[in-house]
Amino acid sequence: MSTHQVMTEKPMVSTDSYQVVHSKSGVFYSEYERKTDLKHQTHYCPGCGHGVIHKLVAEALDDLQVKDHTILVSPVGCSVFAYYYFDVGNVQVAHGRAPAAATGLKRACPDKLVVAYQGDGDLAAIGTAEIVHAANRGEKITVFFVNNAIYGMTGGQMAPTTLVGQRSTTSPWGRRPVNEGFPLHMCEMLASLEAPVYIERVALCDNKNIMRARRAIRKALELQRGGAGFTFVEILSPCPTIWGKDPIEARRWVGEKMVPSFPLNVFRDRKVEIPNNNVPPHKTVAELVEGEGKAGAHVALPHRQHLFHDLGIKIAGFGGQGVLLLGQLLAEMGMREGLEVSWLPSYGPEMRSGSAHCHVCLSKERVGSPLVSRPNVLIAMNEFSLHKFASQVVPGGLIIYSLGHLPEDFSAPQAQVVCIPAAEIADKLGSAKVANVVVMGALLEETECLSPGTAMQVLETKVKNPNLLEMDRKALDAGRVYIDHTVAVGAVTQADGFAQ
Amino acid sequence: MSGQARGKVSIDIEECKGCGLCVESCPPKCLELAPELSHSGVHPARYTGHDCTACGICFYCCPEPGAITVYRLAAPPKAPVPQVQTRGEHAPAL
Numbered sequence: 198m199s200t201h202q203v204m205t206e207k208p209m210v211s212t213d214s215y216q217v218v219h220s221k222s223g224v225f226y227s228e229y230e231r232k233t234d235l236k237h238q239t240h241y242c243p244g245c246g247h248g249v250i251h252k253l254v255a256e257a258l259d260d261l262q263v264k265d266h267t268i269l270v271s272p273v274g275c276s277v278f279a280y281y282y283f284d285v286g287n288v289q290v291a292h293g294r295a296p297a298a299a300t301g302l303k304r305a306c307p308d309k310l311v312v313a314y315q316g317d318g319d320l321a322a323i324g325t326a327e328i329v330h331a332a333n334r335g336e337k338i339t340v341f342f343v344n345n346a347i348y349g350m351t352g353g354q355m356a357p358t359t360l361v362g363q364r365s366t367t368s369p370w371g372r373r374p375v376n377e378g379f380p381l382h383m384c385e386m387l388a389s390l391e392a393p394v395y396i397e398r399v400a401l402c403d404n405k406n407i408m409r410a411r412r413a414i415r416k417a418l419e420l421q422r423g424g425a426g427f428t429f430v431e432i433l434s435p436c437p438t439i440w441g442k443d444p445i446e447a448r449r450w451v452g453e454k455m456v457p458s459f460p461l462n463v464f465r466d467r468k469v470e471i472p473n474n475n476v477p478p479h480k481t482v483a484e485l486v487e488g489e490g491k492a493g494a495h496v497a498l499p500h501r502q503h504l505f506h507d508l509g510i511k512i513a514g515f516g517g518q519g520v521l522l523l524g525q526l527l528a529e530m531g532m533r534e535g536l537e538v539s540w541l542p543s544y545g546p547e548m549r550s551g552s553a554h555c556h557v558c559l560s561k562e563r564v565g566s567p568l569v570s571r572p573n574v575l576i577a578m579n580e581f582s583l584h585k586f587a588s589q590v591v592p593g594g595l596i597i598y599s600l601g602h603l604p605e606d607f608s609a610p611q612a613q614v615v616c617i618p619a620a621e622i623a624d625k626l627g628s629a630k631v632a633n634v635v636v637m638g639a640l641l642e643e644t645e646c647l648s649p650g651t652a653m654q655v656l657e658t659k660v661k662n663p664n665l666l667e668m669d670r671k672a673l674d675a676g677r678v679y680i681d682h683t684v685a686v687g688a689v690t691q692a693d694g695f696a697q
Numbered sequence: 002m003s004g005q006a007r008g009k010v011s012i013d014i015e016e017c018k019g020c021g022l023c024v025e026s027c028p029p030k031c032l033e034l035a036p037e038l039s040h041s042g043v044h045p046a047r048y049t050g051h052d053c054t055a056c057g058i059c060f061y062c063c064p065e066p067g068a069i070t071v072y073r074l075a076a077p078p079k080a081p082v083p084q085v086q087t088r089g090e091h092a093p094a095l
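From first to last, the protein sequence lines are chains A and B.
Under our numbering, the first sequence has 689 at position 492, and the numbering climbs by one with no breaks.
Under our numbering, the second sequence has 28 at position 27, and the numbering climbs by one with no breaks.
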């Protein structure tokens, strides 16, 4: 038998020997969860580019066998209902935020294929910041950008990608660059960044270009599957309804009008190595705060029994009084005693001699918000702060006022108030600078919230000057002694040092 | 071309929206819009019944996921592998 013979023989085949070569992709649902009588049709207008792009994406996902590992992020726009059609993981996000949501999804599920599908109003107008930054970070996601030069869903308003001279409901005389600017070229913009690995613009203007789009979409997804980096495909797509053209005319218009303004090209196709300087967090925050080399040098105190569950402290005064530092010291002490802590400074533009305050949370559980709007303890280091914040203190809370006596017109019936002339005490010890430590001594003595031993440990790491450290030690003791000999005014004190 | 066409196309007239892109795109021009209306009020596309080459272009141009299915005539029994060339530029090195 010769080869020649076989080739010339025309086998007679019956009709049932036809094999399916192109049919509905398995990535689409067999029925769509839409209105009852439209379960078998998409919601897109006849001739819409979205349908074609959906098909190309579905086919690529099918061929790459990633259907069960794909998360599709639907935008706001005509394609918002992509989740009706694609039988993959679906997330529908706020207008323009698909790349931001996709970033989170990809970082949380790095083994999944994350695909953001966006239109031009979504990506190039409200979502410009998101796409630029996701691309700049080199997020390992794929973005399909469907550009039809108009807002389709909302009825034909001018988009950032609307062509010069193109009419829309909001540019009825045609887009004029002098008034509305030039069309935004997203591919070119993103190609100016370092991190993206693949950027291509394709068009659905004729058979040949549709097959190019098919290759580009497949390539982008393949690159993502290989973990390459940020991939972006812009697809110039017809919108027959809004353009007021029939589907064939619209398709031709893409080629004749859009392509000259948005040249088709591969703008980026290269490997990008982003250096990974990410140090694994093998140190606790406490160790990092303490500094290199000292970690583990101190012996941690055994965790003491804290009588509170969570404690919000607000410290307020003039800038320069050590208000913020006092907050930091307390937070670090809490950290060393095994508490969850937060410290949040809040100061106006005028730090020195301006008003400053900070919020400190000490808690046995994770701190939900670092903001202390209803403090258990207020440390007021000037009269202004006392007046301003006293009413915020919770009933049964504590106010420590760092002057000898309360102003005459002051009253805070819900709280217990302690006065301590901290500046004078500190001055007698040698420096008014340690007034905040005097106040800390008072706080520790009055509330017993943290141990003075921890306070000294923290001060030892913070204060390098031995003379000043000695002064701090004395200041801490002086504050405690002063309180020991003082009776608080106001509410009745309980055994834990707190008023109830 | 006489005899059986290499391919054939079936169109789901419930899904077809009558946009006509497949008719426009088909290289051998073997598709047309039906004169009668479908239940959704459009003239759906249909296969003329001859000349389809199973190229699949109509499938890729159609915006509906499942409106078009393309079939190809099953391949004839596989021809034996032609003998390796033993002379000329592409001959394997001995």
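Just so you know, the hints here were simulated from the structure itself, not pulled from any lab data.
One or more hints might be untrue.
[Said to hold, decoys possible] Computed list of chain A residues with no C-beta within reach of chain B, every gap over 12 Å:
#, residue
1, T300
2, S434
3, R571
4, S608
[Said to hold, decoys possible] Cross-link-like lysine to aspartate or glutamate pairs, in silico, DMTMM-like; alpha carbons within 20 Å at most:
#, chain 1, residue 1, chain 2, residue 2
5, A, K232, B, E37
6, A, K236, B, E25
7, A, K661, B, E25
8, A, K442, B, D13
9, A, K221, B, D13
10, A, K585, A, E562
11, A, K625, A, D681
12, A, K561, A, E537
13, A, K405, B, E25
14, A, K232, B, E25
15, A, K405, A, E446
16, A, K480, A, D403
17, A, K221, B, E37
18, B, K30, A, D284
19, A, K264, A, D308
20, A, K671, A, D624
21, A, K264, A, D284
22, A, K561, B, E16
23, A, K232, B, D13
24, A, K236, B, E15
25, B, K30, A, E537
The structure displayed is predicted, hence computed values, not measured ones.
C-beta: ideal position from N, C-alpha, C; glycine also.
Results of checking the hints against the structure:
Distance check for A/T300 against chain B: the nearest CB is about 29 Å away, which clears 12 Å, and the non-interface claim stands. Here A/S434 does not stay apart from chain B, with its beta-carbon only about 10 Å from theirs, under the 12 Å limit. Listed as a non-interface residue, A/R571 keeps its Cβ farther than 12 Å from every Cβ of chain B; the least gap is roughly 57 Å. A cut-off of 12 Å between C-beta atoms confirms that A/S608 is not in contact with chain B; the least separation is 74 Å.
A C-alpha spacing of about 25 Å is found between A/K232 and B/E37, which places the hinted pair above 20 Å, so the restraint is violated. For the suggested pair A/K236 and B/E25, the alpha carbons sit about 27 Å apart, so the restraint of at most 20 Å is broken. For a cut-off of 20 Å, the pair hint linking A/K661 to B/E25 is broken: about 83 Å separates their Cα positions. Restraint check for A/K442 and B/D13: the C-alpha separation of about 25 Å exceeds 20 Å, so the hint is violated.
Note on A/K221 and B/D13: the hinted pairing holds, with a Cα-Cα distance of about 11 Å set against a maximum of 20 Å. For a cut-off of 20 Å, the pair hint linking A/K585 to A/E562 is broken: about 29 Å separates their Cα positions. A C-alpha spacing of about 19 Å is found between A/K625 and A/D681, which places the hinted pair at or below 20 Å, so the restraint holds. Straight-line distance between C-alpha atoms of A/K561 and A/E537 comes to about 6 Å, which keeps the hinted pair within the 20 Å bound.
The straight-line distance between the Cα atoms of A/K405 and B/E25 is roughly 13 Å, inside the 20 Å bound, and the hint therefore holds. For the proposed pair A/K232 and B/E25, the alpha carbon gap of about 30 Å is over 20 Å, so the pair is violated. Distance check on the hinted pair: A/K405 and A/E446 sit about 17 Å apart at the alpha-carbon level, within 20 Å; holds. A C-alpha spacing of about 58 Å is found between A/K480 and A/D403, which places the hinted pair above 20 Å, so the restraint is violated.
Taking the CA atoms of A/K221 and B/E37, the gap is about 25 Å. The hint is violated against a cut of 20 Å. At roughly 34 Å between alpha-carbon atoms, B/K30 and A/D284 are farther apart than 20 Å, so this suggested pair is violated. Between A/K264 and A/D308 the alpha-carbon distance is near 13 Å, which keeps this suggested pair within the 20 Å criterion. Proposed proximity of A/K671 and A/D624 is supported: the alpha carbons are some 12 Å apart, at most 20 Å.
Restraint check for A/K264 and A/D284: the C-alpha separation of about 8 Å stays at or below 20 Å, so the hint holds. With a C-alpha separation of about 61 Å, the suggested pairing of A/K561 with B/E16 is violated against the 20 Å cut-off. With a C-alpha separation of about 19 Å, the suggested pair A/K232 and B/D13 falls inside the 20 Å cut-off, and the hint holds. For a cut-off of 20 Å, the pair hint linking A/K236 to B/E15 stands: about 10 Å separates their Cα positions.
With a C-alpha separation of about 74 Å, the suggested pairing of B/K30 with A/E537 is violated against the 20 Å cut-off.
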